[in-house]
Structure formats: structure tokens, C-alpha cells
Amino acid sequence: MAENNSTADSKDVVLRSSIDRSLRHPVMFLFASGALWLVLSIVLGLVASAKKHNPEFLTCFSWLDAGKVDAAHMSAMIYGWGLQAAFGIIIWLMARLSRKECTASGIILWAAHVWNAVVSYGIIRIMMGEGSGVTYMEFPSEVWPLLLVCYTTITIWSLVQFQVRDAGHVYVSQWYLLAGLLWFPWIAVTAWVFVFLMDGHPLMVAGVAGWFKGTLFSLFFLPVALGSAYYLAPKVTGRPVYSYNIALFGFWSLAVFGPWAGMEKLFGAPVPQFLPYAGAASMILILIPAIAVGYNIIKTVIGNSEVIAESPSLRFTAAGIVLFVVFGGLSVLLHTVPALKLTQFTYTGYGFDVLGLYGVFSLCAFGAIYFIVPRITRREWLSRRFIKWHFFCSIYGISSVVICAIAGGLSQGQGIEDLSQPFGTMAERATQFSWGVTLAWAFILFANLFFCLHLFLMWARLGRRSSHPTLLDAHHPTSPHGPEGEVDNYSSASA
Amino acid sequence: MTFKAFIIGLLATFGIPWLLLVVVPYSTMRSLDPVEYGKDSEFTGAFVPKRDGRIKEGSRIFGQEGCALCHTQVIRPTYAGNDVHRGEWAGLRKSSSVDEDTRRETIAQDFQQEDVAHIGQTRVGPDLSNFGRRLEHYLKLNKSSRTPEQWSLMHLYNPKAVPRYEVPETGAQIITAWKSACPPKSGLFDKVQVNGAGYGTLPVDIEAGMGIKPSDRARALVSYLLSLKKDTLGNPLPDALNFNPKAPKSEE
Amino acid sequence: MDHTRDNPLKRFSAFWIAILLATSFGIALIITQPFAPDKTDKAYEMVSEGRLEIKDGIDRAQDDALNEAALAEALSPS
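Chains as they are written, first to last, in the numbering used here: chain L, 115 to 609; chain B, 9 to 260; chain R, 51 to 128.
Keep in mind that the hints were calculated from the coordinates and are not lab data.
Calculated pairs, DSS-like style, for lysine-lysine (alpha carbon to alpha carbon, straight line, at most 25 Å):
#1 Lys47(B) x Lys89(R)
#2 Lys58(B) x Lys105(R)
#3 Lys47(B) x Lys92(R)
#4 Lys168(B) x Lys221(B)
Estimated spans, in silico, between C-beta atoms of each pair:
#5 Lys151(B) x Val263(L): 57 to 67 Å
#6 Ser124(L) x Thr54(R): 17 to 27 Å
#7 Ala119(R) x Lys47(B): 39 to 49 Å
#8 Gly206(B) x Asp313(L): 36 to 46 Å
Not close to chain L: a few residues of chain B, all C-beta gaps over 12 Å, as computed:
#9 Tyr45
#10 Glu50
#11 Lys58
#12 Gly61
#13 Ser105
#14 Val106
#15 Asp107
#16 Leu147
#17 Gly204
#18 Pro211
#19 Gly217
#20 Ser231
#21 Ser235
Ideal Cβ positions, reconstructed from N, Cα and C, are used throughout, including at glycine.
Could you build the full structure based on these sequences and the hints that come with them?
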């Protein structure tokens, strides 16, 4: 806890900057390679979406055949971008919150390189047509244990740091990150064993793969995003989290409802009926943690609208949390039995998944990256314009993907349930909406090309040498991050 | 909240769904007792559905090529969807050319011999549970000169080049004007040198002296697709699994 | 730095506790799954009863039809 004493404060600043220095290389590498994978995955997503309305697009390249390119797109987004961004956030946040320097930077950096190599190998195998053939777990079977080993090598140190932290208050973010760190190996090992190692009933293999995909979002990406939001909201506004109790309630409700998610993908299939119903129920109940977290974070930052407008980190984070509440509400609407009947095999599922992965997780991750990178590179972001374009094009793009996919899905579903129409009607409707999805991905690509460029410039230490942070509004007289000369706002570090 | 309390809470909140949703159902489904034919049935012993064709290999290729992302393979019960009533997805409907209604919902045994059930993600294209049955029926009805294998290979190579068949509720046979949105799977075909017409090549004109030959993967995939006959004619169902009361009991 | 909470021994034990926690469900699977019921071959075995009956019948019929004397004569060198 910071005392209002200048020696204690300056010692704290020294500790913080040594933590940042110890983590500089692994975290920057993870963020930069993640950003590159993000751009690549969006390009693949564009190709995949284009093939839905222009089937002859790029047929000359057999490695871009439809089906394979969809799988490559999602796998690149999840394992290339999502997990690496999450790693960077986890190791930096846990080090800062536990106030421990990282002693394993070299090992983490190596493991991050191996991670990239393994993911590249997996994506290439998918595009060669040699994936596993299991929907939602398309990497070939040998990739998964390699990923798990890399994962452990990267994140075990954060678990150690937490256990050897100084006695005192445990921040909400630490509970979320700790949980996410443990949940991922639990679901990944289980899924790998049941899908690839053991010889099970084909329907249950499909079910477990669906469960893995569902819990990957609810039990890994979501906790990391929320952990980051619970850190940034009080940090940037300088106010404590509105209610620690609501925060704990939100956490435990996610812990209770989250693990049941995923099997709703098997609705209507000849599996024990309670499985898809449990999955659908869990997705409906996700509204509860969404409201708890949304209420808590909004109440923490409310009244500070200038800060939200100016600080890139807070703006992205707030947008991510708002979208989480939207996600929760949509989840309730889309997982009731009539809605499932209508939308199960339509684009709605894809739009909803993208809302979670990009709208909630990625926006919160961008917020964290915009906060963390200046601190570890000791430079400020170069261009306010790049950040604005990144933000607005992302918001526009994600809203379009979600609206087109969900509205398109409802229209598709209605077309297929209407028995007086031939199948061609439904297929035609789907094609029209896929144009919207392609255009939306183009916007998101534009946004992230600038993000990637900006991040690489910072990595090359070409950022602005200034302790005044880059804000989105140039005309504000004082910085919300604290007086000039300090990169950090340590005097309101309590959460 | 202490670390210990946290860990116990996490283990409990994760462990219970892990057990109830994943471990126990997985073990139970592995140990399903085979269903036996009833006493009045003309068949004895256990119901062990067999499919011809290269099921395991073709099923894996179906997944690897990502077909499951655009095609489903499940006929849902009516509380979950209208699939049973949609065209010939669930089987052949009774009509002037078909004596008995052979439609049925998917059962758990339908995915035997496959590594993973390709339930499917979206229906950009039609459901394929009865693709083999449907294709044979339509080609015969329309007196097509193509065999089902030829139609399927041409569809994979250039979906817009083969006619699409569809049967809305009225039972009429039409070829719809809307062309397939299925993207061509060029990776499954090789361009080879041919002499004259070329043996085993597709009937497409490219440059002189060259032909398009399906690869082994294409053949295995087509073999699997043509084995998809999950209606009451394919394998005689025991009464316990037969939810279609009008279905015939065997293939005549 | 608070030496009662952060020392090499504590870090060592924290590392192994973390490994144990992360692999806990994997270990649970290794312990329980070999004992999980597996009737994946049961259908094959049930169907094989009928098949083996037929095979027995064929074997018996072939044994009966085999003319040992004629066979021995045909095989003897002459």
C-alpha cells in the first residue's frame, strides 16, 4: 500500500520501473507478434467471408480453399493473437500487482518464440488440409501438448509471483488472472485427452470440442479481459473500484456458470439432452456476471467522462466492458429454445463468437496494451490519430460484423424454418449478409494495420520521449494520469 | 478470501461441471449397450449399422477440408428444428416414385466408424445426412447419365457446373435457378497430362493434352459422402430406435 | 521485500504447487480413465456369436465331407 511519504513513493516508483524493465522483452514480443497474427487472421477472415458471396475468389490457391481458410482464420485469431495478447497482459499485470520483478524473462521469451513456431506449424497444416478434422480444435493432434508446455513455461512464473507476494490486500484483477491461469490447462488437457487421446463416441468427441471452445472464452479470455479492466478503471481514473463485494460476486458467478458453457452447439443432436440445455442455460446466466462487472466498472469511472474520452486505455476498456454487457444480453436472447431452433446453424453463432473474442476480449486487450507499452518502453505513443482510427474503425467494424451476422442469421433461420420456401431462398439471404460481414472485416483490418504499425514503431523505441502521455484530446490542460514528470499514477494505487 | 479458500472454490465450481458434463457423459456414451432387435422383428441380434465406403478416412477428410463448417449432418427432432420436413434431408418422402416414407431423425449410432461426429457449424449448404440416398434418387428420377460418383466429383471441382435438385413441399422435381455457393475445392484435384480423352479424368475442357484428375483424397471423400444414407432404408432399425411409424422395415 | 514470504524455498514450493494445481485435472484423468467402462467392442462381440455359429457349421460339414482315405492315397508317393 502506498503511504503518503515521498521516500516510500519514490521507492515504489523504482520498484515499478524495475518490474517494467524486467518484463520488457517478453511482453513486447508477445504483443507485437500477437498484433501481427491479428492482422493475418483478419485477412484470412476476409478471404473466408468473401468466398461466401464470391465462391470463385482465389480458387487458384488450394491452401485458401473454403473451410480450411475459415478454420485457419479462427485458429490464428485465438492462438496467434488472443493467447499471446493474454500472456503479455497476464505476466505484466501479475508482476505489477504482486510487486515482484520477473526473474524468468529469458525463459518466457524463448517459450513465446516456440509458441509462435508451433502455431505457425498448426496453421500451415490446416491450410494443407492436414488438420485434425475436429471442428473447434482444428490443429493437428500433436500441436496441443506443445502448446500446453509453452503455456506452462510462460505463465507458471505468474502463479509463483502471486504466492510469494507481500501480505496484504489482494486485488480483484489478481483473482481473475489466477483463475484464468488455472482454468486454461484444466480445460485444454481435458479436451486433448478426450478428443485426441481416447477413443470415444463420435458425438461426445464433438461435444467435448464444443465445450472446450465455449469454456475457452468464458474461462480464459473473459477473466483476462475483466482482470485488465478491473486494473485499468481504478488506475486511470484515480478512484477505487466501486465495490469489492460486487467484484467478488461477479467473479464467483462467472466461476459457477462459466464451466457449463459450450455444449449448446450440440442442440438437437442425439446426445443426452441435458448437455446442450446446460450449455444454453450457462450462456443465458452469463448475463449475471456481465451486469455485475458492467455496473461495477461503470460506477467506478462514471463522472469522469473526460478521462474516458482522453485516455486510450480507458476508452478501449470501457468499450469492451459495455460490449460485455451487450454480449450478456444477446446471449440471453440467442440461447432460448426458440432462438436456438432458429439460429443454431446460421451465421449468428459466428457473429456472437466474434463479438466475444474481438468486441469484449480484444478491445479490453487493446486498452491494456495502450497502457502497458509506454511503461515498458519508456516512450509515449506517437500518433493520436492512429489510436483514434484504431478505435473508431474497430467499433464500427465489430458492430457491423455483429449486426450483419446476427440479423443475417435470424433471416437465414427464418428462411429455413419456412417450409414453403426452397433451400435456395435461405442460401441467397445468407449470401447478402455475408457482404456486410466482409466489409466489416475490411474496416477492422484497416484499424489493426495502424495498430500493428504503431506497436512496431514503439517496439523499435521510436515512440515520443515524454512523460506526458499521449491523450486523445490535445487541448486538455492537465493530464488525468498525474502531474508532469511521472509516467505512473501511484498515489491512487489502491483498488 | 484466502488463497486456500479460493482454490477450493475454484476446484469445486469447475470440478462439478467437469464431472457431470464431460467425464461421466463421455464414459457413458462409450459404454452404450448395443440395441437389439425386438422379438417380433425378422432380424436377430444387435443393431450394428454398417456403411460401405471409406468411412473413417473420408470422414477425416470431410473434417480437414472444413466441409463441416458449411454443411451439417444432423436431422434434429422437431422441438429443435424443422429438418425432418425439409425436402429430402431426412430421407425419401412418399410420392409417385417412392413407395414408403423413409425419413427419420438422427440417432447416436449414425456416426459409428467415424472419429468425430460432423454435426456441423452452419448451413451455408444443405444438410448431408442423406446425401447418398438423395443423390441416387434424383439422378435416377431425372434419368441423368451421370453416376453419383461423377456428380459428386464434379460438384467438388466446380459446383456451378452440375445441376442442383430440390423438392419443396409439393413434391415436384425442379432444378432451381439459384447456383451453388459452394466454393470449388481445387486442392482435391490434380492437373495431369492426358492422351486423348483421358482415363479417370473429369469431363472438363482445359488446355489441349491436359485433364483434371481427382486425387485419392477426393475419391475417399466422395466415397464417404455417398455412404451417407441415414434413413430407414439404410440399415433396418430396431423398433426401439425407429421413430417413424410408417417406415418399411428393410430394403427391398 | 518481506523475507518471510519471498525466499528461494518459498518460490520452489510455490512452483511445484502451481504445477500440481495446473495439472490436477489431467492427473485425475490419468487415475480414473483406465478404469472407465469401455464397451466399444460389445456390438462386434454380439454380432460375432451368429457369425461363429455359421463358421462352426461350415467347419463340421467340411470335416464330414473330407474323405481321409482318398486323400492319403492321393498324397502318397507313387
